[in-house]
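Take a look at the letters that make up each chain.
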Amino acid sequence: MSAKVLIVDDSAVMRKVIIGILTRMGVESDSISQAEDGVQAVKAVSDGGNFDLILMDWNMPNMLGIDAVKTIRGNGDKTPILMCTTEGEKQNVVTAIQAGANNYLVKPFNEKDLREKLEQMVPGLC
Amino acid sequence: MTTQAAGTIDAELVNAFMNATTEVLGTMAQTEVNFKGAKAETDFKPTGDISSVIGITGQKGSGVVMLSFPINVASLIVSRLLGTTEAQVTSEDRCDGIGELANMISGNAKTKMSAGDEEPYKLSLPSVILGTGHSISGHPNNQPNLIMVFGVDEEDFTVQLCFKYN
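So the protein sequences, as listed, match chains A and B.
Residues in the first sequence are numbered consecutively from 20, following my numbering.
Residues in the second sequence are numbered consecutively from -16, following my numbering.
Simulated from the structure, these hints should not be mistaken for laboratory data.
Glycine residues also receive a C-beta, built at the ideal position from the N, C-alpha and C atoms.
Treat the hints with care, since some could be wrong.
So, partial list: chain B residues that the calculated Cβ filter (under 8 Å) puts toward chain A [what the hints assert, rightly or not]:
1) M1
2) T10
3) N86
With the sequences and hints as input, model every part of the structure.
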């Protein structure tokens, strides 16, 4: 059975780009959920999404990705989270890891970059 | 306070945005862009049919970044982002994709600009303006505007930056 993945990004185009990569990796499209901001992400997780992986943007309306990470971890959820963001400064990487993110990928990225991160985080993702 | 006079160019800013634009479009959209030059102007005017605008603030200063594209160049780049044909790109895709490009280019540039700073620059969410001959009211910071021109497949788009140092 395919892994369940939650993509959190306010850009529909970016979500489509990531979905394209995931499906080429063999993740079934039915196993991919989407959220447009941190509020939707927190709700998707707390509603029992049972995700195997969350890809989290940083700059989004309503609730930033970093605040969503803190909330998700504060609720006791341990789903692996990959921050996927334009925020490339070391300070932000440290902040995200301290908040509970498991790994970090800076935009722009290519397909190989994302595949490598995902395979590191969730071996046998597909 | 450091200001950029009309007609003068801040090389640090040009390099940050030139490299960011080249890197983002090359990596995410497999599109090679040709940097054609930079100039400082007093006007802050869109040059294309679709523009995305994003704010940038930090301890060294603040400003506004604007990307402006002819509609066919916007469609071409977004189609390459998505791995589809230009005909398959919807108006929503085009607007969203150009906004995300502004986010990625400004984010990449601000990382370069933040080197050595205690606090990284922060970005606003992008806004997208669509329509032939559209304009933007007002002039951010009342500062000279740095206009960088890039070529893609024999057409041009611009990245503009109106930035004021503290």
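Status of each hint after checking the structure:
| no. | hint | verdict |
| --- | --- | --- |
| 1 | M1 | violated (15 Å) |
| 2 | T10 | holds (4 Å) |
| 3 | N86 | holds (6 Å) |
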